[in-house]
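Residue numbers (our numbering), protein chains in the order written: chain S, 1 to 198; chain L, 1 to 289.
No lab work stands behind these hints, which were simulated from the structure alone.
We treat Cβ as the ideally placed atom computed from N, Cα and C, and that holds for glycine.
Among the hints, erroneous ones may be present.
What the hints assert, rightly or not - Some chain S residues judged to face chain L by a derived CB distance under 10 Å, without partners named:
1. L33
2. Q60
3. Q136
4. L140
Residue strings, one per chain:
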Amino acid sequence: MLIRGIRCLQLTEQCSRNYLTLTRFSSAYKSPLSLDKLYPASPGNAKPGTKDVSSEFSGQIPMNELTKTYSCSSGPGGQNVNKVATKVDLRFHVESASWLSPGVKAKVLEKYGSELTKDGWMVVKSDRTRSQTLNQADALEKLRTAIRSALAAPKPKFTAEEEERIRKGKLKAARERLHYKRIRSDVKAQRSGRDQML
Amino acid sequence: RMSGVREKALQYLREVPRLTHGNIRNLPGTRTPKKRGYGQNGKERGWGASARQKLHFGPLGYESGSTPIQRKTAFERSYNYGIHSVRQFPPLSLYQLQLAIDTNRLDVTKPIDMAALCGTGVFFLDPSKNQFGFNLSSDGMDLFKAKVHLEVQWADEQAIAAVERNGGKITTSYYDIHSVIAASDAFKFLKSGQPIPRRLTPPGNLLEYYINPANRGYLADPVMVEKEKEVLAQKYGYSISDKLDDRLLSFKKDPRQIFYGLEPGWIVSVQDKTIYKPKEADVKQIYTT
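Start from the sequences, fold in the hints, and give me the full structure.
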């Protein structure tokens, strides 16, 4: 007869849902704190912004372009780990990915070309936590980090200061080696006894 | 970055013409004076024969060598110090919410706020215990699949993501204690015959929380809230645009309102099924500021 959610109105013997149907959920009451007065420049229901297209990777990934698979995680956990699909597997075909610009795609293929599947799919997996939501977030973070690291300029092994020190060190080593070489050759020359005045 | 002492020392080196014994000083604490074996450091520790012939009480609070009471006892407060003034937001998990929806305790076609949640008879708020509303926790975020228009008082990031992933709307809204008293037991409040109060603005440190679009605060800029929605969708891996429901988005509550459709200042008589509204201009003015 009734839905149990209206317990608060079981006042009179004739209980009905009429009270709730009379209530309007958007009334005309507007105090000075209403949002259109606090933020007059903002429209009432703002629409989401447009995607910006640039040569660099902004971090934005269209979710319908990724193939998501959920499976059971490994490890201990009994019934819960056996039944709950917390492992997340994200895949996309790199060559045909429309959301990566050609420059970005080339760098990704260069760095991760050998790690793609035979058909050219990039796979990112995560079963780090007990929750599918968090694992999905982790997998996306891994994917973004991978793409950014492919785009990053290769870091030089030594800084400019260190290079300079190494160069000077090599010259010094050469100088010292020659210095001791000359001393030894003098010693040897004096032992031979040649061209000595008697 | 160099420490302050090192920086100062190097600056000094740049400024002085030359270093001499007169310019150089040890760092404080590196050299301690050597203790001599008499007086305070001698066998009797300053309480010997020559000291006993004089008036000698020791330092203030001295208790003949045993640890004095002012050092023995700690200035510790009770471990629940301030518990009566701390604002509490008892948790409401997504699991509990989904269960309530599945068992028809909550109607998903209508907005769910504090009055609706407390009206189920399953979730309780006690204003006398300083409970200011519900804290939507992420426990059960993987199995939450209801599309709701939700208004809670606190929410963590994953809970917000779970609600928005299913196409719902979530807002965090502040209820001062009198508003909580009204909304937590709506029937009891309406029976008391008091006019509906206006909700107060959040105090000091809470204002920051409710103005922040990342928390979906009710005082945040709607444009910023939409941006944050996109950010969260990108973080947790779902798309938002295809599940928007205009009817769900049309539910609106003013920051001064407690109940949907009822204005502050009105007296609602459930028995007579009438609403009494104030007529005097000065009374109306109070409730519309």
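Hints, verified against the model:
1. L33: Result: holds, 4 Å to nearest chain L Cβ.
2. Q60: holds, 6 Å
3. Q136: holds, 4 Å
4. L140: This interface hint holds because 5 Å falls under the 10 Å limit.
The structure fails none of the hints (numbered hints given earlier).
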